[in-house]
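Fit chain S to the known structure of chain B by using the hints.
So the sequences go chain by chain: B and S.
Sequential numbering of the first sequence, starting at 1, is according to our numbering.
Sequential numbering of the second sequence, starting at 1, is according to our numbering.
I should point out that these hints are in silico values taken from the structure, not numbers from a laboratory.
Because the structure is a prediction, the values reported are computed rather than measured.
Take the hints with a grain of salt, since some may be wrong.
[Stated by the list, open to error] Derived lysine to aspartate or glutamate pairs resembling EDC-like cross-links, with alpha carbons at most 20 Å apart:
| hint | chain 1 | residue 1 | chain 2 | residue 2 |
| --- | --- | --- | --- | --- |
| 1 | S | Lys226 | B | Glu468 |
| 2 | S | Lys329 | S | Asp421 |
| 3 | S | Lys436 | S | Glu44 |
| 4 | B | Lys226 | S | Glu468 |
| 5 | S | Lys340 | S | Asp263 |
| 6 | S | Lys425 | S | Glu44 |
| 7 | S | Lys226 | B | Asp467 |
| 8 | S | Lys450 | S | Glu44 |
| 9 | B | Lys280 | B | Asp263 |
| 10 | B | Lys226 | B | Asp322 |
| 11 | B | Lys226 | S | Asp467 |
| 12 | S | Lys276 | S | Glu324 |
Number of protein chains: 2
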Amino acid sequence: MCASQYRMPGSVPASCSAQWPEDVGIIAMELYFPSQFVDQAELEDFDGVSPGKYTVGLGQARMGFCSDREDINSLCLTAVQRLMERNGLAYDSIGRLEVGTETIIDKSKSVKTVLMQLFEDSGNTDVEGIDTTNACYGGTAALFNAINWVESSSWDGRYALVVAGDIAVYATGSARPTGGAGAVAMLIGPNAPLALDRGLRGTHMKHAYDFYKPDMVSEYPVVDGKLSIECYLSALDRCYTVYRNKIHAQWQRVGVEKRFTLDDFGYIVFHSPYCKLVQKSLARLVLNDFLVHPDPDTETGTFAGLEAFRQVRPEETYFDRDVEKAFMKASAEMFDQKTKHSLLVSNQNGNMYTPSVYGCLASIIALNTPQQLMGQRIGVFSYGSGFAATLYSITVTQDDTPGSGLDSLVSSLQDLQVRLDSRNKVSPAVFSENMKLRQETHHLASYVPKGSVEDLFPGTWYLTRVDENHRREYARRAVDVDPHLQGRLLQSTTCTATEPIPSPARKMARIPATTTGAEADAVSNGDH
Amino acid sequence: MCASQYRMPGSVPASCSAQWPEDVGIIAMELYFPSQFVDQAELEDFDGVSPGKYTVGLGQARMGFCSDREDINSLCLTAVQRLMERNGLAYDSIGRLEVGTETIIDKSKSVKTVLMQLFEDSGNTDVEGIDTTNACYGGTAALFNAINWVESSSWDGRYALVVAGDIAVYATGSARPTGGAGAVAMLIGPNAPLALDRGLRGTHMKHAYDFYKPDMVSEYPVVDGKLSIECYLSALDRCYTVYRNKIHAQWQRVGVEKRFTLDDFGYIVFHSPYCKLVQKSLARLVLNDFLVHPDPDTETGTFAGLEAFRQVRPEETYFDRDVEKAFMKASAEMFDQKTKHSLLVSNQNGNMYTPSVYGCLASIIALNTPQQLMGQRIGVFSYGSGFAATLYSITVTQDDTPGSGLDSLVSSLQDLQVRLDSRNKVSPAVFSENMKLRQETHHLASYVPKGSVEDLFPGTWYLTRVDENHRREYARRAVDVDPHLQGRLLQSTTCTATEPIPSPARKMARIPATTTGAEADAVSNGDH
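So here's chain B without its partners, still in its complex pose (with noise of 0.2 Å):
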């Protein structure tokens, strides 16, 4: 099959016999939040709202926010080099670095390009990947990007990075309790202790103005709640319908013969505006198994009591009060045991936008243990305005020893909780000032930001200047001693204490080799 007749030495095939990598998929996960947050009890107050608004209605306690100190480009340095040193991860052992997200401050120039600094003391420069972007769906975008690169002819034995930010704001409403903001960085590559399941991707990507920003001065979106929530939910009944047909096909193919339901994920994770509709949103799920079920027990179990929802259309439920109502009881079991973990990050910091789905994961895995983690098939749905979306699926290894890569993804995200505890909280009244001065000063050029830089965490990088022609300067805030944050965390941000993890290549025998060795050469080559 390979190396035709007719082609020229040089474009041989770089293996006949390449197949893609065993279990390619996310090694380590790094999560970044704002040190400061406002408490949405208090903004109910501030705002004049009846109690119970944002806590209650939309399950958010607390919500993450940046002052004039941080920008999309400021948030993704601090994830990445966070990620790279906790790890002790070289920079020229990554070989593709892709953004996702959708807070633009530049029509043309990448967030990538400019976490490019971080890269010039090692020399590598050959990092394939740029931004993506639509809605909250670019980081989702950028993790298959960098699967398929890993499985692709054009992987050289390096890792991916991901990176999803953004900075979530809200015009003064009723939108304005479900922003937030941070960023998540992944490192992408084989022998993953979260796997990404082959083939089984349940995509729906449609056109809509449910969400977008139109106006491009201004950091606030359009939002069409009602019909946000009909593409959200709608988008969710097609993913799920796809996915469970392209399942059963691979299941068919080795002979299998059974249907898939929600009990063959052990966590069911999903992008999350807010908290109330991801539970919802759990509950359509099991909607959707009841409707497809050939023969549904009414009389006992999940679907008891439900024998006269049997003909309901999907498609005339999204605000169907006593649907909504019937299935959040029957699946409140389920969401205890599969979803509610994963809401962590989502009910202390607020919608992330692209790597809010990534939180949800992250708040998964620091929540439970190896031994309840390993085997386990985790369905992640994500969702992007406009709209994109796709219900995947992640499997975790099965090996859960001390030392083994799920062991040490897992403690990495141990701190979490202490993490966003020990943040600062500010008034509603602080918070709305900073959200003005934002809204004021954030398109600006000859800008000097006036927030403080001793409330940002160690390690955060901040703008420091916007000059006369836009361009924008950074500086990072000392690694040093937080007196918040305890030892382990303490440890594991000095980068010194970890044995460096090699590059996948120098672990695992694949073709093409990689060619970081003459690349480094060329660096000193004096060429430019």
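Just chain S, lined up with the frame of chain B:
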């Protein structure tokens, strides 16, 4: 190696012996440019600059531009639908579509989601990919992502579409004549007449503010012209070095001891901000060949008379007139043979940004016969400011028989010159009025465009209205007889005349098999 014991049934790899399909690359190309242009000699006169400044100094003859009837969405709608129609493709044969652009009219909603309107009748919404951005590099990133997808376990046997589109406009002044506009749509799959060479991507990415768009409300970029040339040329040097290292490593693995030179490229195409820079860039590559040659012949041949430049340091020569002049002369013959033809669209339509380098590739195909192209290796240099650059290569199939993929591709581009000649020339004054109109209105809500619809090419999508919430609505000019276009184009835009190309999955054995059938059923399942 596969089906590890801990895998649950559904996560068994789709195929244990799955190999990358053969010759993944470009199967079909569709180039769209506006129906109107301004003459660069007339523009010199209008701008009051010395004659030849634009036509000789920049090497530009004509510049295409859009009225307020076209935006990035309409450009891409036009290119995609023309590609589908001219190749008789069904929309359910597409499994991925990614758009590369730096013409951002919404910070969140992707152009990709707008294009999903074309898929509505087919019921196919399971189409991966969103938008990708870094200046003029977005099309190349989208192409690489599509190629990787076809080689990955995610591929379901369907085609990928890559779309690159931009409207390049500048404020009045010296950069204005370097504008342009257009879009290219490319059909990606296996067994392609233009196959991307595996493992041969020399990439160089770095942080620079050479050209960027920080003024979110303006269509115009901020440009540091001198820095941008330096970035472009330094990236070219570095990408060529990395490319050479990679091909040397590949050759060594198959026992070929040989030094790569430009003689190994049959054609060389470059991102073209203006044609003169491309000519200088080829000279620059010859300088590279000269400097790395262990013992160049400076008596006869390409390097004759260049002895004095043996010790130059490339990083000191970006603006060295002596070096430039000497190597322009040394490369003159090579330019005529390998690069000149690539500049047809660039010279006649200007810089299209992301589609630019693919316009150059299309020009090479259009102006050569299958017999001239067969078996040739084409070097492709893509550059996007900020910056991201890659030098990669394409190998043209050996099969030049009538009806072959190469023959079809070449035939489909034969009308390029005729189409360019069929455009309407407008005066610099009218061009200038159009620029002013765009400047004042391109970002407005509640706007109805003023530009003529009748002046558009048949089959062109155009903006009918932007409503009070910035939602954009489009219509398409009928695909009817156009007096400017002769027989061949007329026939080829009539889609019923063509036999549909089946999805590649129907032609070749491939696991995982396409699930189009199952999903098509799902569409009519009534799920939404």
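Hints versus structure:
For the hint pairing Lys226 of chain S with Glu468 of chain B, the CA-to-CA distance comes to about 18 Å; that is within 20 Å, so the pair holds. Between Lys329 of chain S and Asp421 of chain S, the direct Cα distance comes to roughly 31 Å. Violation of the 20 Å bound is thereby established for this hinted pair. Taking the CA atoms of Lys436 of chain S and Glu44 of chain S, the gap is near 18 Å; set against the 20 Å cutoff, the hint holds. About 18 Å separates the Cα atoms of Lys226 of chain B and Glu468 of chain S, which keeps this hinted pair within 20 Å; it holds.
Distance check on the hinted pair: Lys340 of chain S and Asp263 of chain S sit about 16 Å apart at the alpha-carbon level, within 20 Å; holds. Taking the CA atoms of Lys425 of chain S and Glu44 of chain S, the gap is near 15 Å; set against the 20 Å cutoff, the hint holds. Taking the CA atoms of Lys226 of chain S and Asp467 of chain B, the gap is near 19 Å; set against the 20 Å cutoff, the hint holds. Using a Cα cut-off of 20 Å, the hinted pair Lys450 of chain S and Glu44 of chain S is violated, with the two alpha carbons roughly 27 Å apart.
Under the criterion of a C-alpha separation no larger than 20 Å, the hint pairing Lys280 of chain B with Asp263 of chain B is consistent with the structure, at around 18 Å. Proximity of Lys226 of chain B to Asp322 of chain B is assessed by CA-CA distance (about 18 Å); at most 20 Å being required, the pair is judged to hold. With a C-alpha separation of about 19 Å, the suggested pairing of Lys226 of chain B with Asp467 of chain S holds against the 20 Å cut-off. For the hint linking Lys276 of chain S to Glu324 of chain S, the alpha-carbon distance of about 12 Å falls within 20 Å, and the restraint holds.
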